[in-house]
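K.L.:
The lines below spell out each chain.
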Amino acid sequence: MELRPTSSPETNRLRALLCLCCVVLLLATPTVSAQVIGSGDLDAEETLFIRELLDSYNSPDLARLWIQSRIKSASSTSRVTLEYMLADVTRIEGDIDGYEAQIQALARRYPDHPRSKGAQLEAVLAALLRLDGANTEAIFATSPPARSRAIDARDRIWTAEVRQILEDNILLQNREVDVLEAKVVAAPDADQKKQLSAEFSDKVAIRDLWEFQLLNALKIYSKMLPDGDEVAQKLFAELATRAKEFVDQRYENFGRRYEAQLIYGQALASLGQPEQAASELELLVDIEPSVDPPYDVEVVFFIRRMRIESLAGSLAAYNRAGRPEEGLELLEYLYEEVDPNFPYRKTPEDPSLTGIVASLNIEESISRIAAGDHATGFRMLKRLINEYDDPTAWKADPGATREVLDQLGRGLSHLVDLKVGDLSPEVYARAAAGYRDRGLLDRAIEAAKYALSSHHEGETPSKWRAKALYEIGESSDALGRPEEAAIAYQYLAENYPNSEMVAMASQNFFAIVGDLAAEKGGAWEQLVPVAEKLFSDNSRGLGSEQLKLQQASEEELAGNYPQARDLFRRISRTYTDSGVERPVPFFFRARAGGARCLFRISTDVDQGIRDAAGELLPLLLEARNSHDVPGESALRYELARMYWGDRKKSAAEALEALSPVLGELAGDSVYREGAILLLVEVLCAEGQFAQAEIGLNEIRQYWPSGSSRVAATYYLIDGYRASSNDQHLRRAGELVLGWIRLPGAQFEESGPRVKLGLASILIDGGFASEAATMLAQAQTAARGLGDQFLDIGVSYFLAKAANAAGKHQDALDSLDSIVERYNDETFNGSYPDAPFVFVQRAAAHRGLYEVDRSSQHLDAMSEDLTAALAILDQRRRSLIFAGEVAPLFERDYWATWLQYMELMKAQSMCERVVQLIRSRRLMAGGEGSSFAPESLQGRFDQLEKDCQ
Amino acid sequence: MKQYGTKTQSANQDPNPGLVSVTLAMLCLSIVFPAGVLHGDEIVVSGGRNYEDVTITSATWEQVQYRLPGVSTSQRVAADQVEKLIFDQEPASLSRGRGAIEQGDWEGAASALRLAASLGDPRQKADAMYLLGLALLRWGDQDPQHRPEAITALGAYLGQFEAQKDFYVPHARVALATVHRHLEAFSDAEQALAPLAAGDFGRHWIIGARLAQGTILQAQQNWIGAREMFSSVANDSQANSGMTRSAWLGYADCQLGQKQWSSAIDTVRQRVLEVRTSPSVRLDAAKARGWLIWGQATQQQASGDRTQLQWAMIRYLRAAVIANKGDSETLAEAIYRAKTVAVELGDEARVEELARRLQKLVPNSVWNK
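First to last, the sequence lines map onto chains W and Y.
Under my numbering, think of the first position of the first sequence as 1, with each following residue one higher.
Under my numbering, think of the first position of the second sequence as 1001, with each following residue one higher.
Everything labelled a hint here was simulated from the structure, so no lab data went into it.
Be careful, since some hints might not be right.
[Claimed, not checked] Cut-off 25 angstroms, straight-line C-alpha distance, at most; resulting in silico cross-link-like pairs (DMTMM-like, lysine to aspartate or glutamate):
hint, chain 1, residue 1, chain 2, residue 2
1, Y, K1369, W, D442
2, Y, K1325, W, D229
3, W, K520, Y, E1344
4, W, K382, Y, D1053
5, W, K463, Y, D1347
6, Y, K1360, W, E693
7, W, K520, Y, E1348
8, W, K520, Y, D1347
9, W, K382, Y, E1344
10, W, K463, Y, E1344
11, Y, K1360, W, D229
12, W, K463, Y, D1053
13, Y, K1360, W, D227
14, W, K533, Y, E1274
15, Y, K1369, Y, D1347
16, W, K346, W, D397
Sequences are here, hints too, so could you generate the full structure?
P.N.:
Right, dumping it as C-alpha cells:
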C-alpha cells in the first residue's frame, strides 16, 4: 500500500561524507584534459571531471563509460585509482553492497594505494548508507511487523557494522598512537626522532579522522530515533560529551574542530538545553577566517557553511525548547547589527549550500510564525514551498528536493508542537508527514486531524485535507489499526472525489476491507460492496478490470481454476478514460494467468503445456510489438514455469522461454525480476554458472534491495558448492560473504546450523578466517542448547577451518576431542559429518606429516581414511538403493577415495592403487570407464598412470 | 456492562458535551486586535466568502470594521456573521494560547493566556482574558476543579469588557452558562443567558441563548422541553448552518435519552451526516458527534448481535478518526465507547489497545475513569 516515493534526509549527507572521504584520498592523483581520453597518469582535471560526473551530474553510466575507456591507457597507479572510481560508480548506482565488496577487494589487492588505507572507513560509511536505507524503510512501512523488521535491521547495522567497527578501530588507533609516542620519546638520535615524529603526526591525523566519523555516525543514528526516545537522549548525551572532548583535545585540524563544535551545539539542542546549545553555536555564528584577505574560495565556503549551520542550529535549539521569541531576537540582532545579508546569502545560492540554506530558512520561518511575526514567516514558508515542491525542482534533483521537503515537514511538525493555531490544512498535512518522519505516528494522526477541521475553505485546503486523511490512513496502518486506516481512506474517497489521492485511497480501502471481511466477517463483509464500488468508480475506468483481476486471483488461490480462467479472460485489452481509449496495463498478465489455469485444469501435463503454450506463444509477439516489457516477462515466466515446475522439469524449454527476458528486454519491472530469478534458478540447476552470474548482475543492478537478490545469490551458492572445481568453490565463498550482508537474508537471525552450513562453504572456498568468525558466532548460539550434533558440528567445522588455515595441530586436537567424546557415534556414522571428521583428521595428520615427516602420521591417516570410507561406502549403497546419489555426495565420496589412494601411493603401495582403480572401472562398465565425477576422474587417471 | 453503566451516568451529568464544544467553537473562537498595526488579517464568516488580506480596525459584538488595501474608508460586517478573526501579527503568548486550545492542551493554554492577560493593549488583554476562561471551561470537562476558576476568569472578563461591547461578551455569557450547567447550578446558568435571551445582543444571540437553554434542559433530563427548544432553533430560518447543525445534534441526543434509537439515527443521518455539502467540506467535531450518536443507537439496538456490534464499533471509530483532542471530549468518548463494544465482542486485544490509547490521550478524563 506504500505509494510514496522513499528517500531519506540523511542520504545526501552520507553521500557527501563519502565523497569528502574519496576526495581526500584522491588528492594525490597526478595530467591531460578531462574531455578527451588521455593516457598515462590521471591528472587533477580528469579527477575533477569524474567527481563532477558522479556528484554534480549524477551520471554514473557516463562515468563508467569514461573510466572504462581511460583505464585501458592508464599508468599502473592510475589504473588502481580508476578501479576505485568504478567502485564509486557502483555506489552512486545504489549498489552499496557491491561498492563495499569492490572497495575491500581493491584494498586487499593494492594495499599501498592511498585509498586502500581508508577502505575500512569506507566500509563504515557504506554501512551508514545501509543504515539510512533501513531507516527509510521503517518510516514508510505500512504495517507494524514490517516496521519492526526494518527497525531491527537498522539497529543491527548500527551496532554491528558501524559502532562496533568505529570503536574497535579508535581503540586500536589510540594504542598505536601511544606506542609511537613512546618511541618518539625514546628515540636515541635527532634523525630518528624526526622520522618517528612525522609518522606520529600521520597516525594522529588518522586517529582523529576515525573519532570524527564516530561523532558523525552518532549524530546520524540518534536523529533516526523517535524524538524524546530514552535511547536517543542517551546517545545525544554521549555525542555531546564526545564532541566536547574532540574540541578540547584534538588540535590538529581546525576545520574538523569547528565541525565538532557544531555537532556539540546540535547535540545540546537535541538534549533540550537551548541556552547551552545557543551559546556554543553562537561561537560559530560569526566566525571569520584567521588569515588576512584575499580568502581562498574553499575557506569562504567553509566559513559560510559553518555560519549557516550554526545559525540554523541555534534557531532550532530555541524552537525545540519552546522559545522562538529568543531565536527571533538573535535573527534581528544579526540582521540589524551585524549584516542585513547575514550569513552572506547569495542569489543564486551555491548548489552545495542550497540544502542547508533551506534548513536555515525553515527554522527562521518557524521562529517567526511561532514568535508572532506570521506575515514574514508564512511568506518565507510559501517561497520555500514554491521553490522546492515544484516539478522543475523534482526533475532537477529529486533526492535533494525530497530532503528539503522532508526537513520542511519535520520543521512544521515542530511548529505544531509550539502550539501555533489557525494553521492551514497544507501546513498540518505536511506537519503530519514530518511527525511520521520523526517516528511519532500518533502525533502524525493528530496533526492530520487538525487539517480536517481547519477553517480554511476552497480547492487548495480541500486537496490538503485529502492528503491529511491519506496520512491518517498510512499512520493508522503502521500502528496496527487497519480499521481506522480503512475508515480514513473511505472518508477520503467519499468526501474528496476530485483529489489526486482518491484512486490510491479507494484501492487501499478495498484491500483492507477485503482482509477484514475475510478475518472478521459481519459488518466488514457488508462493507465489501461499498469498497468495490468506490474502487471501481475511482480507478479511472480501470477499476472494473482491476476488480476482475483481483477476483480471478482469489478464485485461483482457492483452486477454482475454471472460474479463475474465465475471469482472467474477461479482462479487456483496452479501457476508456475520459473518452480516450487506453491499453489495460495488465492485459498480458491476465492472459498469462488464464493460460496458467488452463495448464492446471489439464490432467495430462504434456497436453496441458501444448494447450497453454498455444495461447501464450502468439501473445509473445504481440507484447514485443507493443513494447510491453512487464507483459512479455509475465508471459515468458508462465511459459517457463510449465516446463520447470512441480509437474515437470525440462530445463532446455524453460531456458528457451526465459533467455530473451535477460538478453532482449530491459527495465525494472517486477515481472521481469520474477522471470530473471526463475532463469537464474534453472541455469544454476543446470550448472550454467556464467549465464546465471549475468542474471544475478542484472538483479543486482535493477533490484538491489529486493528479495530476488537474496534468492538468486542463494541459487548460485548452492550451484557452486556442489562443484568440485576450486574456482567454483571460491566463488561460492565470495557469494556467501556478500549474501550474509543482504538485509533480506536475515543472517543475524539464522540459527547455528545455518551458520555451520555457510561456514563449511567458506572453508571450501578458502575463506578460513571468515569461517572461523562465523563458527565462533555459531558456537555462542549453540551453547546451552544441549544439541549433540550441533556441538559436534561446531567442533568439526572449527577444525576444518583450522586445517584450511594451516593450524593442523589445533585441528587435530579438536577432532580428537570429538572422536573421544562421541566415539561410537563417529565410528558408526551416526551423524551426518561423521565420515568427514575422519577425513579432516587425516588432513590434519597430512599437514603435520609435511612438517615432521613422521610415518606415524601416515599410519594415522590410513586409519582415518579407512574409517571414513567404511561409512561413506555404506551410505552410498543406501543412496543407490534409494534411487539417487546427489552430486555433492559423489564429489565427497570420490575425493576421499582419491586421498586414500594417494596415501597408499606415498606408502609405496602402488600395486594396490592400480588394483583398486581397475576394480572401480570394471564396476563402472569396463576397462577405461570413468567412475568418478569429471573434475576428479582426471586425477584418478593420472594416479593410475603414475603407479603403473 | 458495569463500566458502561457508570459512564452513562457520568455522561448524564453533561448529556451533550459534544454539542457544547461545537456550540462554543462556533460561537466563541474569535479574536479582536488593535487597529493600525495589522496587515493581511482575515475575517472568517459563516456560509460566505471570507475577507482576506484586510486590516481589522475594530470589533464589537455588533460589527467588525476593516480596511481594504489602498482604500482609506472603513468597511464593516455584522458580527453575527463572523465566525473567526485571524491576525498576521500578534504576541506569541496569545497566539500560542489559542493554538493550545485548538490542540486540547488546556493546561498549556491556561498558562500562556494568563501571561497574555497581562498585556498592555486592552484589546489583546480582552482576547487573552476571554480565551483563558474558555480554556479553563474545557479543562474543567476533564478535571472539575477548574470549573470555579473558569467562572472567576469569565466573570473578570465580563466585568472589565462588557460595558465596552467587546466582541466576546455574548460568547463569554454562553461559556459562563455552560460552566454553571456543568456544576448543576441551572438557575445561575439561565441568569448568565438572560441578557442574550432578552434580545440585548440582537436576534442572533436570542437564537444562541435558546440553543444554550436547550442544553440546560437536557442536562436536567427534561427531554421534551429540550427537544422543543432545539427544534425551534433548528427550524428557525434566521439560524445559521452551524447553529442548525448543533440544534439537530442536541435533538438527536434527546432522542437517545428517550431511548428512541431509530429516530435518533434518522435525525443525525438526515440532518447532519448525509446533508449535501460543498466538496471542500470540513470534517469537524459536529460530524464526529453525529457518528457517535449513530454508534450509540446502533450499540443499544444490537442486543448482542455481533454484526450490529461491529457496525457500532465502525461508527465510533469513524468519530475517532476525525475528532481531535481540541474537540473537547468527543475523541475520548468515541474511544471509550469503542472499548465498550470491544468488551461485548470479547476482543481482549482491542480492549487493551483502546484502554492504552485513552490513558495516553486523556489520562484525567472522566472517560478514562
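K.L.:
Run every hint past the structure and note whether it holds.
P.N.:
Quick rundown of the hints versus the structure:
| no. | hint | verdict |
| --- | --- | --- |
| 1 | K1369/Y - D442/W | 22 angstroms, holds |
| 2 | K1325/Y - D229/W | 23 angstroms, holds |
| 3 | K520/W - E1344/Y | 15 angstroms, holds |
| 4 | K382/W - D1053/Y | 16 angstroms, holds |
| 5 | K463/W - D1347/Y | 37 angstroms, violated |
| 6 | K1360/Y - E693/W | 54 angstroms, violated |
| 7 | K520/W - E1348/Y | 15 angstroms, holds |
| 8 | K520/W - D1347/Y | 11 angstroms, holds |
| 9 | K382/W - E1344/Y | 50 angstroms, violated |
| 10 | K463/W - E1344/Y | 39 angstroms, violated |
| 11 | K1360/Y - D229/W | 16 angstroms, holds |
| 12 | K463/W - D1053/Y | 22 angstroms, holds |
| 13 | K1360/Y - D227/W | 17 angstroms, holds |
| 14 | K533/W - E1274/Y | 18 angstroms, holds |
| 15 | K1369/Y - D1347/Y | 20 angstroms, holds |
| 16 | K346/W - D397/W | 20 angstroms, holds |
The structure fails hints 5, 6, 9 and 10 (numbered hints given earlier, in ascending order).
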